[in-house]
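Asks: Listed below, chain by chain, are the residues.
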Amino acid sequence: MIQFDAVHKRFPNGTTAVHDLSLEMPEGGVTVLVGSSGCGKTTTLRMVNRMIEPTSGTIRVGGKDVTRQDAAELRRSIGYVIQQSGLFPHRTVLDNIATVPLLLGHGRRRARARAAELLETVGLAADAGKRYPHQLSGGQQQRVGVARALAADPPVLLMDEPFGAVDPVVRTQLQDELLRLQQELNKTIVFVTHDVDEAVRLGDQIAIFRTGGHLVQCAPPAELLARPADDFVADFLGAERGLKLLSLKTLADVPQGPAPEGGAWTLVLDEARKPLHWAGKEAELPVRPLKDSDSLLSALNESVASPTGLIARVDADGVLTGVTSRDDIHEHAGQAHSEARVAA
Amino acid sequence: MFELFKNLGSWLTSGAQWTGPDGIAHRLAEHLQYSLLATLIAAAIGLPLGLLIGHTGKGAFVAINLASFGRALPTVGLVVLVFLAGGLSMLPVYVALVALAVPAIVTNTYAGMTAVDPDVKDAARGQGMRGHQVLLQVELPLALPLIMTGLRLALIQVVATATVAAYVSFGGLGRYVFDGLAQRDLVQVLGGAVLVAVVAVILDLGLSGLQRFLFRHRTA
Amino acid sequence: MTIDWSWIGDHTDDLTSLTVSHLQAALTAVFFGVLISLPLAVIAHRVRPLRGFLLGFSNILFTIPSIAIFVLLLPISGLTRTTTVIGLTVYTLVVLLRNTVEGLDSVPAKTKEAAKAMGTRPLRTLLTVEFPLALPVIMAGVRIATVMSISLVSVATYIGDGGLGQLFTDGFQRNFPTPVIVGVVLTILLAVVADALLVALQYVLTPWRRRRA
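Protein chains in written order, with our numbering: chain A, 2 to 345; chain B, 27 to 246; chain C, 55 to 267.
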């Protein structure tokens, strides 16, 4: 767990980057720091591993004041991932990952073996280890950056806009990977981004900063979206704040009924009872069946496009289990918001 | 003219010319010896200086402008000056050789250090490397291509200066040029010039090739 | 080692004429260097296959010690000022070629495309867009070439020319440091002044790069 206690950072040129910050980042959770440029989120992150020293206030990692520890040793116990990955171009991927174990004196063989394990963990092929960073794509380089940060199995992981430099498709994949890793590893992660959608997707709690280093609100995504503290937060979350909340809720609790017979449109199934398309009098429209694990947002999207206002529900194998109406989805969307508003 | 070339050809290839204390082999060895030694001394001075300025960022003005200043120094004047100042002794000439080589090393080492991607240095510190570890494990290896360029340029500079140094009775291939001028023996003069030119070019091409080979894994 | 100031006083005329001669040789070499390097640079920049050859060959020339170049020109042009200037021009040419090509390379492709899209013909683009934008790098090359040239003139003293370089051989032969010191100081002074003037020239020629007042 990481604790910020009245932390202040003022640079020599007079700018206040972080203003009186008191914040707790729970152990095993992902805390996302968001805000526009110059709001102090990166400065805050970099104070955890003392890449920047606080002007006043205390920062504690695992209960220990960071300023009382040797900076280099502190950093070897904290994983650090940056946007441009910062991989060493003159070392192979494997040796890059092995950096911290080697610094800790683990011996080359052991460090390399650990690095090979991590290659697999982050979803890279084993032979990538022999290559040099410039031979990998941007997304692959970022995976190596994450592997390097995890090599010494640190309890804390700092990530500064790590997926900012890759294209949106790759970014989504990397976010998926991170969520999967976090399920396995349960690290205390501090994640900086300026992308609200990324924050909502990844964060267990989100801390929004205003220019000048002021923390405006810190709350779990659902609460933030349902009850923004002020206009600034509401604006930052964007005009589609209401819809974004629905991305956090799934279809699991929404009731379903049998597929309609007759009527203007029928749902056509294949032999395995998997939905194929909607068939109307003179046309066919595609159908996108949804599982229980899919979000309310995708359900709402599908229901609006559906010619009958109905969405097809399927099980894990894609076999039809029933349909749900637009009205039911709307009602549950509204409920999602009331719940989030009430949650403290 | 053709006569001249013929004579030059035989001068360069005659066995007699190559052997003995005044022979090409000996002068060549002398020249290379002086050049390598002076370059090593210049490196011993210039490398730490360039690394320090590059790593700490202090004194950048010196590193950037040293090369321009070095370029303005007249070789002949400097060589003669140190020779006269040293009471007509040879050792000070080494000072001139080294002094003219240091700027190239400092400037290129500094350039190499500043060309290192700041994100890589940040990541290195963030992983927990101490200052000297960042310098030795990250900055130095990454600056190495430009550092090598500096050393190569310094060596070529020293080879040229050493040629001029023969004027004040330093040994080496320059002797042929100055003895030849004194004896009005154009063939000898040209012979010396050709030898020095060839040595310089071979050294440069050889070291460039070595550089390309050593750093073949780095980005294009 | 002491300076004989009276010697300097007695020889101001000689010193002046040597300085003028020295400067003349250096600047002539820079002039011809610019003249020849400009078209060569355009060719090297535009014609891919020639680029490697031109730059590679000029690098080889640059490696050759200056005294060797002067000496090797003797059979061709003898112990004359011509030899000195040709020798110096080889070096200025190499530096200017390298820098001019680099300067032309540094002009953003988008800017050239915009000019082309507006209907500007290649020659006009070259003169009104590419060269002005390449100017900073080219001027850096001119500065280097000029300073280098001023320094190298003195090597030509061995082929009977040398400008201020004659002070060096004179001083050596007579075991008399004063002319040598004076020669070194004057050479450096010439180089520094020339460099400063070129910086001023660059400032005048590139108004778009000036900081706001």
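Among the hints, erroneous ones may be present.
What the hints assert, rightly or not - With a straight-line cut-off of 30 Å between C-alpha atoms, the simulated BS3-like cross-links for lysine-lysine are:
(1) A:Lys188 to B:Lys147
(2) A:Lys292 to A:Lys275
(3) A:Lys292 to A:Lys282
(4) A:Lys131 to B:Lys147
(5) A:Lys65 to B:Lys32
What the hints contain is simulated information worked out from the structure, not anything from laboratory work.
Asks: Please list, smallest to largest, the hint numbers that this structure does not respect.
Replies: 5
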